[in-house]
Every structure is written in structure tokens, then in C-alpha cells.
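K.L.:
Sequence order for the protein chains is A and B. Per the working numbering, the first sequence starts with residue 1, numbered consecutively. Per the working numbering, the second sequence starts with residue 1, numbered consecutively.
Certain hints may be false.
Claimed, not checked - Derived SDA-like pairs: lysine to any residue, alpha-carbon spacing no greater than 25 Å straight-line:
1. B:LYS84 - A:ARG386
2. B:LYS139 - A:THR289
3. A:LYS4 - B:GLN129
4. B:LYS84 - A:THR289
5. B:LYS191 - B:HIS205
6. A:LYS8 - B:GLU138
7. A:LYS4 - B:LYS191
8. B:LYS84 - A:LEU2
Claimed, not checked - Cβ pair distances, simulated, as ranges:
9. B:THR34 - A:LEU360: 19 to 27 Å
10. A:PHE306 - B:GLU195: 43 to 51 Å
11. A:PHE11 - B:GLU138: 17 to 25 Å
12. A:VAL355 - B:ASN117: 30 to 38 Å
Hints in this document: simulated from the structure, not taken from any laboratory. Values in this document were obtained by computation on a predicted structure and should not be read as measured data. Heads up, the beta-carbon is just placed ideally off N, CA and C, and yes, glycines get one too.
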Amino acid sequence: MLFKIAIKNLFGAKLRTALNVFVTSISFFLVIFVSGMYDGMREHAKNVTIETEVAGGTYWHPEYDSMDPRTFEDSHSTIPTKIKKLINQKQAFAVLVSQASIYPNGRIMPVILKGVTPDQNIVDMPTNVLTEHSNITIPVLIGNGMAKNANLEVGDSFTIRWLDADRTYDADEGTIVHIMETENFKLDLGHIWIPLSKAQSMLAMENQATYVTYAKELPMIKDSGDWIHHDINYMIRGMEALIKADEPGAQIMYSILLALAAMGIFNAQVLSIFRRGREIGTLMALGMTRSRVVGLFTLEGGLNAFLAGIIALVLFGPVLYFFSTNGIPLPMDYTEMGMLVAKRLMPVYSVGLIVSTTILISIIVLAVSYMPSRKITKMRPTDALRGKAVT
Amino acid sequence: MENKSVINIKNLVKRFPVGGDYFTALQQIDLELTEGEFIGLVGPSGSGKTTLLNIIGGLDSATEGNVSVLGHSMDNTSHNERAKIRRKHMGFIFQSYNLLPVYTVFENVELPLILNNIDPVEREKKVTQAIEWVGLNEKRNSRPADMSGGECQRTAIARAIVHEPSLLLADEPTANLDAENSHNIMNILSKLNSEISTSFVFATHDEKIMGYLRRIIHLDDGKIINDEKISKPKSG
Chain A
1 MLFKIAIKNL FGAKLRTALN VFVTSISFFL VIFVSGMYDG MREHAKNVTI
51 ETEVAGGTYW HPEYDSMDPR TFEDSHSTIP TKIKKLINQK QAFAVLVSQA
101 SIYPNGRIMP VILKGVTPDQ NIVDMPTNVL TEHSNITIPV LIGNGMAKNA
151 NLEVGDSFTI RWLDADRTYD ADEGTIVHIM ETENFKLDLG HIWIPLSKAQ
201 SMLAMENQAT YVTYAKELPM IKDSGDWIHH DINYMIRGME ALIKADEPGA
251 QIMYSILLAL AAMGIFNAQV LSIFRRGREI GTLMALGMTR SRVVGLFTLE
301 GGLNAFLAGI IALVLFGPVL YFFSTNGIPL PMDYTEMGML VAKRLMPVYS
351 VGLIVSTTIL ISIIVLAVSY MPSRKITKMR PTDALRGKAV T
Chain B
1 MENKSVINIK NLVKRFPVGG DYFTALQQID LELTEGEFIG LVGPSGSGKT
51 TLLNIIGGLD SATEGNVSVL GHSMDNTSHN ERAKIRRKHM GFIFQSYNLL
101 PVYTVFENVE LPLILNNIDP VEREKKVTQA IEWVGLNEKR NSRPADMSGG
151 ECQRTAIARA IVHEPSLLLA DEPTANLDAE NSHNIMNILS KLNSEISTSF
201 VFATHDEKIM GYLRRIIHLD DGKIINDEKI SKPKSG
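Assemble the whole structure, with the sequences as input and the hints as a guide.
P.N.:
Structural data, given as C-alpha cells:
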């Protein structure tokens, strides 16, 4: 009986229903859209780290600690045979790491010098630009953030000074052959990339490397000598920790969005229910019990949320799909600020996000339908019939 | 044969809190109404007629005294029980019609039957009959916003009688209508009273409808000052 009346009320009040449903569906859309962007940002940061830096995992020289530059001096040795075999099969590439200084435009800048196998295609880095430069003493690849910081352009030359394996300082001229666009600031800021063979000869570390990165989905080698295997989970642990640390923030943001949505829904629902005080009084005069009146209005709220879900799916589903496949261009480059944020943000609309948002907004709609109708039914029927204002 | 008692009120007092004090709206009211009566509670504004009507309808409760309606003591009944009595045995007509604006005439009239869980086939039959009684066949799919005041009040009458209640309470049913519509409405109600056994109670101060009443209870300042039987009322 209540369902029949609720359906009649909902479809009878065309404009009122349309407005309530539209407000609720916009709330669905905004909460999912903004939370999806936030999730996308975090997911993207992880994916960029994997695609441009980590691939399937790495083997590190036992002395190497990527977070401690003081270890770089001693963290190099001949690559263990089994790992070397992977490199020969083009399933891995080696990197030799050292501290160095560069002198662009007369300034001194400490940098991390990395020699990399130029013809690798394990990670998404344009290292192949380091080949075919026989006329350049040291071809150098840098990121656009580094280029801006050091005021360097393609073709610019500068002095590079380093300490070799014999503890002798040496210097030579490097020339920028390419400036890469990368979203991973860890490859960019303070880094210069040169061919591995050149780095080995400069540092007097022939056939040596600091770490080896291997392709995705390759199994771990059992005998990697004294080199230490770090799988993909270990390599992105920092990123995962950042995401985890950011979870309270994400939850707060989600709560704020929900609260804003709730306020919009509350306004629309409460206004429409308080305007119907006389209708509630009439229903009570006709013999509807208080609990049934409350049930009717709460059910109307539930149907409103259901319709809003359908409208959100039909109207805003394609919009969400478009952004999730094409991304959203960001107005500025956050890489320069040391933030791993995409230039084109790909939102992630997970099933969990959609289901939890739908459930929470439905609960909000039910609550804001229940509360005012309960308040009106607490009035004397004679006051409700007169349309007396609810206080 | 003695007529069945429909309303029995003894020593009714109703007080409303006003500020820190009380306003006495009704005092020492004794009233008995039998089956099929067609009576009016008449008096100036503030005389207590609407309050008395609301107490009879269970929409409000007495401060003191006993009120028995259709054999149910209204003093000791819960909200739900009073709602059930209204749903099953009472019909209401309001001054401002109180039709649900999003419903058609048919749907407005159908509502009490839905609340009483009458099956759809029976509902259709009863609603059609009620709409015919009030002469709104051609307007059955219209909404209140598209109808005149007289048509809206006729819809409200159809809604009040569709479930054939034992008691029909009308609060100023003609106050918003012109003379012609007022007489039409009273003719319909008077005719219904003669055809069905429903008792009618009007709260009114409209001179136009007095002539239709068969008993007039004059109220002033919350007290019954006269209970007058009319020997030759107008008839529908």
C-alpha cells in the first residue's frame, strides 16, 4: 500500500521529484568524480613508478642504498653471471650510480650520475637517445625539471666532475642530447643520465654496475651472487607507505564531499517535506498512522535515491567513462615541485568507491526523509492540517 | 425504535496553553448525536466549534470529560487506534479542501480505500460511484489545480463518503465557495444524508447553510448556549 502511494506521489509531483532526483544524482556524480580523481592520482603515482623506474624488480649491489648517496662510492661491482645473462637476453638493464658535480653556466650543482644501458626497453625512459653521438664526449639525458632548474637546453654543454674508482677526481664536458618529459621526479630532479659504457670508463669501473632492473613478470633468479633481490613490492613500498599515510586524508576528503552532498540533499528533501505539512495532516486525518506516514516519506526518499542512481548512471556515467579513459589534463607541472602527479590525470572509479558512495548517499537520503517527516508527525494533526510551520 | 448513539460527550473541557497560562476553548460541553443526524455546530469565530469537531474526530484530545464516538472512548485510545477509527468510520471535509495536489480526482477519492486495503476492483467501483454522486464524472482525471473551488469541494466530499463512513465531519465546507456552489454542496450532502445512514456534523458560521441543518447547536465562548431542532429544513 505504501509503495503504491509513494510511487504515485513521486511520479505525480513531476517538478519536485525531478529537482530532488537531480540534486541527489549530482551528489552521486560529484562524490564519485572527485574521489575517483584522488584515487587516480595515487594509483597513477604507483603506476608511473613501476613503468618508468621499477619494472619487474631489481638486483642491488649489497652496499647500495638508493636513499643514501654516501653508499654510492662503494656500491659497484661486476654483475653476477646469472644477472648478466638476463641483460644479454635484453630482459634486464644495468645502471651504474655515482655522485658527481656539474657546472652549468658557471654554477656548481651536485648531481647523481647514472650510467644506463641505452638500448633498454624495460622501463619507459628514452635512453636510446644516448646512442649515435660519436662526436659528443659525454652525451647527457636529463628531465625537464632538471633542465629548468639548471637552465639547460638541448645542445648545451657543461663540465662534469666526478670521483673515479681510484679515488681520483676527473672532469670532462657533457652535452645535453635530449630533455625527457617524465612524471617521475626521481628520474629527473638532480639526475643526469649517460651511456653505461661511458660511465664505466669515466669511473674506471669496467663491466661494473650498481643495480640491475629486470622486465615485468620475470621470475626471481635463485643465484644472484651477493647482489640483493628487491621485488616490485619492495621497490614501491615507499609509494605504498605514502598512499597508506594519505588514507586518513583521503577519508577526510571523502567525508567532506559526502557532507557537502548531504547538505544539498538535506536542503532539497527537508524543504520539500516541510512544504508538505498540510498533506501529512490530511493523511493523518484520513486515518494513516504516524508510523505509516513516516514510512511513506522515508520510502519516497529511498525511491528518490534509487531514481537518482539511475539518472546518475545514465547522465553522468558516460562523463565518468570519458574521463576514466581519456584523463583530465592538469593545468601545471607538479613534477617541478617534487610531486609525482600526472600531467594528464586518469581517474580511477573503483567498484568499492561506487558501491560505498551509493550506499552512503542512499542512507543520507533515507535519513533526511525520515527525520523531518517524523518531526511533522509529532505535531498535533490539527496543526499539521493548518500547514503550521515546523520549528 | 430508538436511534443508535454516534457521539456522546459529557463534561468536556478543552484548554490550550498560551504563554504561561491556559486558554479555555471549550467548557462543560454535553452533547449526544444519534445515527443519521444532520447537525451544525454554529457560532462566531473563536466560539470553539472547530475545536469540538477536532475532538470528535480524534484529531485533538479533551483536557477533561468523556468523549465517546461510535462506541469508542476517545479519552483512552492511542494515536494509532484513533487513526484506525478515522480510517474505518469517519470522513472529513475541510474548508480549504485539503486535496493532494499531485493526485487526480479519481486518485484523491481512491485514497481512503487504499488506506483501508480495499481490493482494486472494488475500489474502482466505489470511487466511480462516489464521483457520480457528486457529479464529477467528466473531471475524474483532472487535478485540483485545474478545477474550480466548488469542484474541489465536491471531490473532497466524494473522498469523505467513498468508504461509507458512519460519521462525516465538515469544517466550514462552504466558507471558500460562492452562494451557488454553497447550495450545490449542501444539496449533495443533504441528499447523501437521506440516502445513506451517515451522520453529519458541520462546524459553520455560514448563514447560507443553516437552512439545511436539522439540528443547530449554538456555541459561544466555548459553551453550548442553545440546542435547536429544526422541524422543516431544506432538503437535497
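K.L.:
Could you run down the list of hints and mark each one as holding or not?
P.N.:
So, going through the hints one by one against the coordinates:
no.: 1; hint: B:LYS84 - A:ARG386; result: 21 Å, holds
no.: 2; hint: B:LYS139 - A:THR289; result: 30 Å, violated
no.: 3; hint: A:LYS4 - B:GLN129; result: 22 Å, holds
no.: 4; hint: B:LYS84 - A:THR289; result: 8 Å, holds
no.: 5; hint: B:LYS191 - B:HIS205; result: 21 Å, holds
no.: 6; hint: A:LYS8 - B:GLU138; result: 21 Å, holds
no.: 7; hint: A:LYS4 - B:LYS191; result: 33 Å, violated
no.: 8; hint: B:LYS84 - A:LEU2; result: 16 Å, holds
no.: 9; hint: B:THR34 - A:LEU360: 19 to 27 Å; result: 59 Å, violated
no.: 10; hint: A:PHE306 - B:GLU195: 43 to 51 Å; result: 46 Å, holds
no.: 11; hint: A:PHE11 - B:GLU138: 17 to 25 Å; result: 24 Å, holds
no.: 12; hint: A:VAL355 - B:ASN117: 30 to 38 Å; result: 37 Å, holds
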